[in-house]
Amino acid sequence: MIQARAVEKRYGRRRALRPLDLRLERGGFLVVTGANGSGKTTLLRLVAGLAAPTGGELDVGADRGGLGYLGHEPLLYRDLTAVENLDLYGRLYRVPERRERIGMLLERYGLWEVRAERVSSYSRGMTQRLALCRALLHEPELLVLDEPYTALDGEGAELLDRQLAELAGTATVLLTTHDPGRVEPLATSRLALA
Amino acid sequence: MSYLSDVAALARKDLRLELRARDTLPAMLLFVLSTLVVFHFALPTGADEVAAQGLLWVALVFTALLGLARAWAPEREGGALEGLVLAPSDRSAIWLGKSAAVFVFLALIELVALPAFALFFSPLQAEAVLGVLLANIGICAVGTLLAAMAAASRTRELILPLLFLPLAIPLVVGGVGSSVSTDPGRYLLFLGLYDAVFAILCWASFEYVVSE
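In the order they appear, the protein sequences are chains G and L. According to our numbering, the stretch in the first sequence is residues 27 to 220, in order. According to our numbering, the stretch in the second sequence is residues -19 to 192, in order.
In short, the hints are calculated from the structure, not lab data. We treat Cβ as the ideally placed atom computed from N, Cα and C, and that holds for glycine. There's no promise every hint is true.
Stated by the list, open to error - Partial selection, computed: residues in chain L whose CB lies under 10 Å from chain G: (1) -14; (2) -3; (3) 54; (4) 57; (5) 62; (6) 63; (7) 64; (8) 67.
All chains, please: the whole structure from these sequences, using the hints.
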């Protein structure tokens, strides 16, 4: 699903990602760890197509419609409600039975009661849950998650644990975390960036 | 059809955001009305109509600039532009949806501004109103693209006018010409050509503006 050969990223003279070889099979679950500034986010942005490599080769076997991305920003409109945000993305991703899918995700992530409230009124954790709903909305074949446990409370983290366990083996997952032990049972490969 | 439904969904989202937040339209409206009032008192009594028409276009271009500066603000907050860029729809739909929303904002402002101009100065002929509408298309097409380019910069407030105003000069020439010339058709045709050429250029180049 993902194959990288000496892929690297520079911003001017600053190196954001050292040359890296990587291979992740379809259905694999790759956990990426590393210190701050080691290039975890850069690697995920390259895989998502949000940034272009400055060296090496990167092949990703999923098009934009098959990719779900959760970054540091929620990629949501603060003055729209949860339903309006997901409805917009559902239309753009041509999600079949959009309303049912949105309702199911909001219910699952404990946001159904606040579905008609603006995202600007949400706590950081609620926003992160909604961002997860957005990334999962179109049932992507490749899920790229940048520190997805950030800001989640215990219940939210357990919901994500269950979701990842369901996805493991069916979807390909690329995930960065500072707590690799949490997803260790699901991981099929590991990458430590220096 | 799916392309147009994407454009409609994106434009509807912008109209909904503005209806809810109301942070662009009221500012544009106050700006254009206060500018026209200032011009009314600044222009000497008996000044010719050409000067007044010129001032109308100054007011319209700077009002549009005010709206364009805010055009991508909702996308900057929360990184929503990246969310749109990741979606599988054609990226030019993002530009077209935003341009359509900006066009609606500008048209709504002009619904008030043009009668106000007629009240303070002189009524506008049909050709002048058509000139305003055609110029709106060019302003929205070019301005939305440039605003997206500027939005990525920390000095966006400075960059947008520097990029936009030189490209707006032909629109002002065409707009004023359609208002005061004895042969307004020539100027309307010029505005139509500007719209067609720049709309195609902006439509084709937006992909590169939002891609790294």
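Status of each hint after checking the structure:
1. -14: holds, 6 Å
2. -3: The hint holds - residue -3 of chain L has a Cβ within 10 Å of chain G, the shortest such distance being about 5 Å.
3. 54: holds, 6 Å
4. 57: holds, 5 Å
5. 62: holds, 5 Å
6. 63: holds, 3 Å
7. 64: This interface hint holds because 7 Å falls under the 10 Å limit.
8. 67: holds, 4 Å
Checked against the numbered hints given earlier, the structure satisfies every one of them.
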